[in-house]
Amino acid sequence: MSEYLIPIFIAIIIIFGLIKKADVFGEFVEGAKESISASFEILPALIALMTAIGMFKASGGLGFLSELISPLTDLLGFPKECIPLALIRPISGSGALAVFESILSEVSPDSFAGRVASVMIGSTETTFYTIAVYYGITKVKNTRHAIASSLTADLTGFILSALTVRLILQ
Amino acid sequence: MLKWIFAIMLTASVIFGAASGNIGEVSSAALNSCVEAVDLFLYLLGGMCMWGGLMRVAEKSGLTDLLSEFFKPLLKHVFKGLDLNGKAFHAICMNITANLLGLGNAATPLGLEAMRRLEQEERPGDTTSRNMIMFVVLNTASITLIPTTAASLRIRHGSAEPMEILPCVLITSACALAAGLISAAALDNISKRRKHK
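Quick mapping for you: the protein sequence lines, in order, are chains Y and W.
My numbering numbers the first residue of the first sequence as 1 and each following residue consecutively.
My numbering numbers the first residue of the second sequence as 1 and each following residue consecutively.
Honestly, the hints are just simulated from the structure, not real lab data.
Take these hints with a grain of salt, some might be off.
Claimed, not checked - Short, incomplete list of chain W residues facing chain Y, as computed with Cβ under 10 Å: (1) I5; (2) I15; (3) F16; (4) G21; (5) N32; (6) G47; (7) A58; (8) G81; (9) N85; (10) G86; (11) T127; (12) T140; (13) P162; (14) A184; (15) A185; (16) R193.
Backbone N, C-alpha and C define an ideal beta-carbon position, used for all residues, glycine too.
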């Protein structure tokens with residue numbers, strides 16, 4: 001079913017354009033042209049952030065941090081297996097999927113930790129990547145509390161993942 | 001803030017890498033990550049051009065007007081002082097629609113278009129505007145209605161009920177989004193009050 005979404009979404013835009021007698025091809029090309037120069041603005045920020053994330057992932061720092069905060073997460077009833085996922089989720093989407101895969105191959109997807117990890121993946125986004133790319137296309141240097149508020153959302157998401165699974169599914 | 005995260009991650013990876021004996025991996029990550037960044041950029045470039053083109057078609061035909069009428073009652077409380085008939089709001093509505101449908105590949109290019117237009121309309125200079133923060137928080141929280149990625153990986157690992165997580169995902173995303181938006185609005189008020197004093 002979900003594979004129908006994108007083609008239908010595109011078809012609706014084009015068919016609606018035809019009904020309203022818009023020059024769908026000419027407008028498409030014009031819009032695409034405007035996007036080319038804009039997209040180049042993101043590249044420098046992307047290189048900076050991905051280098052930092054790539055080096056950090058390779059350094060094994062995540063494992064160290066997981067050990068460091070595990071007493072706190074035990075207190076909150078947050079499964080130990082999911083700590084690395086919580087740490088990598090805000091910084092890397094592909095990294096988070098890799099950690100999610102490894103959690104599901106160690107524990108059953110229908111176990112407590114497996115369910116919590118699934119809810120975490122389904123209800124959060126790659127915060128730092130989004131912030132770097134979204135502000136990368138603008139000239140904004142000072143992002144004020146954008147990161148703090150986004151991380152507040154992530155933290156709320158992680159705590160509630162464990163809480164809702166415990167209350168609804170266990 | 002990004003300055004500190006960048007600096008801390010780089011320094012920490014050298015320290016952790018040396019301590020855990022992974023410094024060789026850190027070194028090759030330093031050399032290869034920038035290439036990955038260019039790969040990702042090329043991927044985004046194609047997406048941005050395609051969705052930028054479709055966005056323009058949708059605007060000319062008036063489809064985005066319909067969408068923004070639909071989202072206006074809800075979003076006028078989130079984006080204060082933004083022209084709800086303007087081009088930035090149109091792009092925001094398209095981005096939210098793509099997000100709700102779980103079309104991540106479409107949502108990012110449309111979101112970038114929205115940021116560009118927010119900058120053109122609000123002219124914030126080098127310090128972000130309040131509405132930019134609200135929009136970024138909206139996109140760093142997940143507002144997808146159906147968690148397809150999580151479900152497909154659950155199926156692959158033999159889950160009996162891959163979609164059983166849906167109610168938990170919806171409640172969790174809604175609360176996370178609310179926490180993000182409320183904290184953004186609150187922090188904005190605090191910093192404004194400080195300025196007045």
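Problem set entry | W/R193 as an interface hint toward chain Y, with CB separation required under 10 Å | 14 Å, violated
Exercise. Hint check: is the beta carbon of W/P162 less than 10 Å from a beta carbon of chain Y?
Worked result: With a closest approach of 8 Å, the W/P162 hint holds.
For this session: Tell me if W/G81 is really an interface residue toward chain Y, meaning its C-beta lies closer than 10 Å to one of theirs.
Result: 16 Å, violated
Problem set entry | Minimum beta-carbon distance criterion (10 Å), W/G47 to chain Y | Hint on W/G47: holds, closest Cβ of chain Y at ~9 Å, below 10 Å.
Exercise. Under the criterion of a CB-CB separation shorter than 10 Å, is W/G86 in contact with chain Y as hinted?
Worked result: Interface hint status for W/G86: violated (16 Å vs cutoff 10 Å).
Problem set entry | Satisfaction of the W/N32 interface hint, Cβ to chain Y closer than 10 Å | Holds, about 7 Å.
Problem set entry | Hint status (Cβ of W/I5 to nearest Cβ of chain Y, threshold 10 Å) | Where the cut-off is 10 Å and the nearest Cβ of chain Y is about 7 Å from W/I5, the hint holds.
Problem set entry | Per-residue hint verdict: W/I15, partner chain Y, C-beta under 10 Å | Nearest chain Y Cβ about 8 Å off; hint holds.
For this session: Using 10 Å as the Cβ threshold, decide whether W/T127 counts as touching chain Y.
Result: 4 Å, holds
Problem set entry | Status of the W/N85 interface restraint (C-beta, 10 Å, chain Y) | Violated - the Cβ of W/N85 stays beyond 10 Å from chain Y, reaching only about 18 Å at its closest.
For this session: Under 10 Å, Cβ to Cβ, is where W/F16 needs to be relative to chain Y, so tell me if that hint holds or is violated.
Result: Where the cut-off is 10 Å and the nearest Cβ of chain Y is about 4 Å from W/F16, the hint holds.
Exercise. Does the nearest C-beta of chain Y fall within a distance shorter than 10 Å of the C-beta of W/A58?
Worked result: 5 Å, holds
Checked against the numbered hints given earlier, this structure breaks hints 8, 9, 10, 16; the rest are met.
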